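J.: Sequence:
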Amino acid sequence: AVVVVEEAGGIDIRKLKQVLAGEGVVWLISTQDGVEGTGHALSHKAFAPSVESRKSRGGTLFSSGRVPVVCELKRPVRWSEGDVLEAVLRKAVCAPSLTTHNTSSTRINSAKAEKTHTHPKSVKDKNLGWVQVNIRELFGGRKEAERLLGDVIDLFASTHYRSSPNDAMMMSDSLNHGLFLLVNTSKGTDFPIDILSAIHTSIEGAIPRTCLNFTRRDTLIGDLIPWTLYKQTMDPRFSDGLGIRVVRIATKTHLQGRGLGTHAISRLLASVQSEDLYPLPSKHEKNSPNGPFGRGDLVRWVGGVRK
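Residues 1 to 307, numbered by my numbering, are exactly what the sequence shown covers, in order.
Simulated from the structure, these hints should not be mistaken for laboratory data. For clarity, every value in this text was computed on a predicted model and none was experimentally measured. Note that CB positions come from ideal geometry on N, CA and C, so glycine has one too. Please note that a few of the clues may not be correct.
Just the calculated beta-carbon pair ranges, DEER-fashion [unchecked claim]:
#1 ALA87 / LEU229: 37 to 47 angstroms
#2 TRP27 / GLU144: 35 to 45 angstroms
#3 GLY22 / VAL246: 19 to 29 angstroms
#4 GLN232 / THR262: 27 to 37 angstroms
#5 LEU229 / MET169: 20 to 30 angstroms
Using the sequences and the hints, build the whole thing.
T.: Structure follows, in structure tokens:
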């Protein structure tokens, strides 16, 4: 028997393991390119570690004893080779560049990728910086901002399931959304900065009691948690509080498992507890329309490096 799993990247790894535990030939098919993130997750979590650990057979998708055979389709099927319109559309949605992100193997082996590939040995405690991004300037069209936005979207797409161009639009449309970066300062603090982890946040709560009378509420851009809790309990106190929700967090794939994501969360919590967080209502917003950022600043460094 032959079992074909289409868009396998969108299926839970545990379900795929159950399929692979059966008999017969199993084909797992998924895209690797684009901003969706599903194929990236499958290739990093399943194919790459399984191919590298065929002898050990432990802790991978193919630990049932199957030997994976990976086939990559490198020829475009939707566009002609080097299509100009495709390049324009990819730039519009901040999709990874075709020259460096064509496939997983190309992304690792290309000379250009090696120059920007963070070596794990350079990630030391003293070299970790914490950065808050000015969302207003991030979508301002400046060259540095476009490069930073592309790097962030690339990181989210390469590590996250169900990434979408709408994620960037959601971040730009609401001032309650924020972006924090854990960066490697061993190469300096000038642009382009070396992003290790990224956290997309949303400030939620403080919903006016008058709004609770509405039967519908758009939770796409914020207030997801307080509004959901209110609908389930009908207790208006859930709408009064103010808090922060982590929309998504991502760490470079080859650096995962080193505690960088945990450290990024701890730095975020420290920023919240010290009220050194924008756009939470604080002294920054009262004294300056730019919040804690200087005029025209794209980022600000918070608290120096990792302690």
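J.: It remains to establish, for every hint, whether it holds in the given structure.
T.: Going through the hints against the structure:
| no. | hint | in the structure |
| --- | --- | --- |
| 1 | ALA87 / LEU229: 37 to 47 angstroms | 45 angstroms, holds |
| 2 | TRP27 / GLU144: 35 to 45 angstroms | 44 angstroms, holds |
| 3 | GLY22 / VAL246: 19 to 29 angstroms | 37 angstroms, violated |
| 4 | GLN232 / THR262: 27 to 37 angstroms | 30 angstroms, holds |
| 5 | LEU229 / MET169: 20 to 30 angstroms | 26 angstroms, holds |
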